[in-house]
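Undergrad: Sequence:
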Amino acid sequence: MKYSFPFLILMLIFQPSMLYAQDWEWVLEGEGFHYLTTTSDEDGNIYAVGLGGEKATMGHESFISEKKFNLIIFSLTSHGNFTKWLCLKGDSITISEIVAQNGKVFFAGYFSGALSGEITTVSKGKSDILWGYFDFKAEQAKIFTDGSMENEFLTSIDVKGNSVLVGGNYSPGASISGTPLKGTSNSSFVIKYSIAGNYEDILDIPALKDNSQIISLRKVRAENENKVYLFCFLDGVFAFNGTNFSFSDYTNNNFLIYSFNEQILKHTEYIDPHHPLVDFKINHQQHFFRLSDFGSQHRQPTFSFREDEKYNSENILFREYGGGGSYDMIATSNGNCFHFSGNACVVSGTFSGNVLPEISGEGLFVEYISDTHNYTITTNNSRGLGATGLALNNNGEAFISGIINDQGSFGDFTVNGLGTSKRFLAKINPNIKPSPPSLKTDNLFYTAIAEIENIKISSITKNVKKIEWVFPEAYNRFGGSTPVFRYVAHPEIKYKQCGVFSAKAIISNGAGILDTINFEDFIKVVPQEISIIEQDSQLCCSLHPYFIEEYFWHLNDSLLTQEKTSCISLYKNGNYKLEVKMMALNCQSTAEADIIAATIEHQRQPSNLYLFPNPASTHFTLSLEEGPAELTIIDFTGRVVLKQSIGRNQKIDTSSLYPGIYTVQVQSGEKTSRKKLIIY
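Heads up, the final residue of the sequence shown is numbered 679 in numbering that gives the first Met the number 0, and it's a clean run with no missing numbers.
What you were told as hints is all true, and nothing was included just to trick you.
Derived pair list, reagent style DMTMM-like, types lysine to aspartate or glutamate, alpha-carbon separation capped at 20 angstroms: (1) K191 - E261; (2) K675 - E528; (3) K159 - D134; (4) K642 - E625; (5) K226 - D203; (6) K88 - E65; (7) K580 - E528; (8) K495 - E528; (9) K674 - D652; (10) K88 - E60.
Now the in silico label distances, taken between C-beta atoms and shown as ranges: (11) E261 - K123: 30 to 36 angstroms; (12) K67 - L417: 22 to 28 angstroms; (13) R318 - E578: 56 to 62 angstroms; (14) E65 - P179: 34 to 40 angstroms.
Keep in mind the hints are simulated off the structure, nothing from the lab. Quick reminder that beta carbons are idealized off the backbone N, C-alpha and C, glycines included.
Using the sequences and the accompanying hints, generate a full structural model.
TA: Spelled out as C-alpha cells, the structure:
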C-alpha cells in the first residue's frame, strides 16, 4: 500500500459569517451513570447532573454507594476541574430535565421507594414527583416531593423569577398537595411552586376514557411567572372551563398556552404539522427557539433549528440539517439537543453521510451560532453516540454531555477505547485550531466474494470533519468506469467483478487542511467457489443460476458441448469437471468430481424424502416416510451449516443461509437420502 499526503489550504465560507477554527479542549469519561446532563446559568456557570449507580467514576474521581441510584451535582470549571455533591440516594430515581438560574441547578423527575440524603422519605404510592435545586453559592440543597397512592411523573421544569413551574403526567386517582386530579385515564398537569417549595397553583389537563383521549405533556416553558407554553402529545377531545379542544392527526405538534393569573387555556398548532417538534425554549427577549425532527415524514432523518421573535412569527434564524442521498442521514441526539445563553445558542445532533457542505462522516456534531461568529465541530468514528446536554459560558465556549457506546475520537482525544457504554463531559474551545486530520484502516487490504459479500472497511480517524471515500474502478457487471463514493468513516461496498482494486480517502479537518490518502491494491475480489452436487441421477452446480452466465461441463477432459445448464444427467463413470463463467465481470470458477458406479446406483435408488417448497427463502418443510431422523445441510464447499434431529414432518428455518445450492441429507437408521435445495 502506498500513501500520498498533499496538503491544500482551504478557506471555507459559512453563511452568514466566517467559519472559525475550533477544537475539543478536554474530554472526561464517566462510567456507572444511569443519566448525565449539563447546563449553564445566565452568568455562564457550567453545571452537570448525574445519576450514578452503586459504583461510578468521572475522570479520575470515583464514589461507591449502597444504593442503586445516587443524585450527584457537579460544578465545572473551564479547565475541566469539578466539585461534586451527593444530594440523594434512592431505590429508584429518574431525572427528566434540569435548568440553571443564578447559581442554582434545578432538577425535576420522579422516584419510588426510599430516599435518603438531603431528604429522607418514602414514596406514597407507585411513583411520586421529585424536584429541587442545589444552591452553589450557599452550598446547600433543597429537595421537594409530592404525590399520592397513584402514579405522578415530572417530565419538564422551567424557572422564572421566584416561580418554579413543573409539568408532567399522572394516572387516574392521583392528587397533588391533597388536591384530587380529575383525569379518568392518563392525563397531564402543570404545577406552580415558589422557590421555597411552597405549592401555589395547578393546571389540571384531564383525559376522559369515554373520549378515548390521550394527553402526554413533554415540555413546559415559562414566558413569565404566570404564563406557560406546554408542548403536548394530544389526541381526542376535552373541555376546560367550558371550552372544547379537539386534537387529531398532528398529535406531535400541539401547544397549550396557559395563564395562571387569568386561568385561561388556549390551544395553537405548530406552524408546520409535518415536522414534529422535539424541543423549544424561550429566552429573555421572548424569542422562541424550536428544534423539529423531520425523520417521521422524510425518507432520510433530518431536523431543523429556528429562532422566532414570537411564537409562529417570521424566522430570525432558520437552519436545516440533513441530506438526500442514500447514505445521508442526520438525527437529533438524545435528551437536550440545544441550549442558549445571552445571544448565542448551540445545537447538537448525530450524523452519518454527506449531510452538510461542511460535514461528512459519522458521529456527533455541535454547532455554535451567535451574533458575531459561527462554527461547527464534529467527532468521528463514534457509533451509538448522542448528546444528553449542552451548555455555554460567557466566553463562547461550549460544553457537552453525552453517551458513547463504541470507540470514538474527539479531536486529538480517543474516547472509550474499550468500546463499552460510557458517559462523557467535554469542552469545545472556539479559539483552538484543530490538528491536521488523520485516518488509518484496521487492515492493510480487504477480501470479499464478488456479488455476495460487502467489503466493510473499518477506519480510525482523528480531527476529521469531512471525509470522502472514492472507489474508482468499474462497479457494475457490464463493465465501464463507475466510481462509487462513500461519505462515512466505515464504508461498505459490494463489487460485481473480480480483481484487485484501489481506493482513496479525502479528509479535511474543517480548518483549512485537506489530505488525500491513496490505498493501492487495497481490495481483492474473488469469485464464488462452486462444487458439483450428486442429486437424483444428476450432477448439479452448487451455485444458484442467478450468478452464472455460462456452464462448461467436461467428462474425462472432453467438453460436453450439448450441456449448457446447471444440472446434467450422469453418463458413465469418470472424472466430471465443471467450469462456469459468472455474471460478475472477470469471474470464473471450477469444480471436479470423480463418479463411480456405486455412487450412480445409490443416486438412482427411489427417495423416501419429500422437501417443499424448493426453491426456498426463509424456510422449507421435510416430510419423511418414517422418523425420527438426523438432518444435515451441507453448502457448496462441503461445510455443514445445519445439523439437527427431526421428526416425520418438520419445518426448517433457513433465514440464516446465503443464497445458493445446498445438499439436504437425511439419515434414518442405515438408510440415507439426499436432495438438492436451492435458497434464493
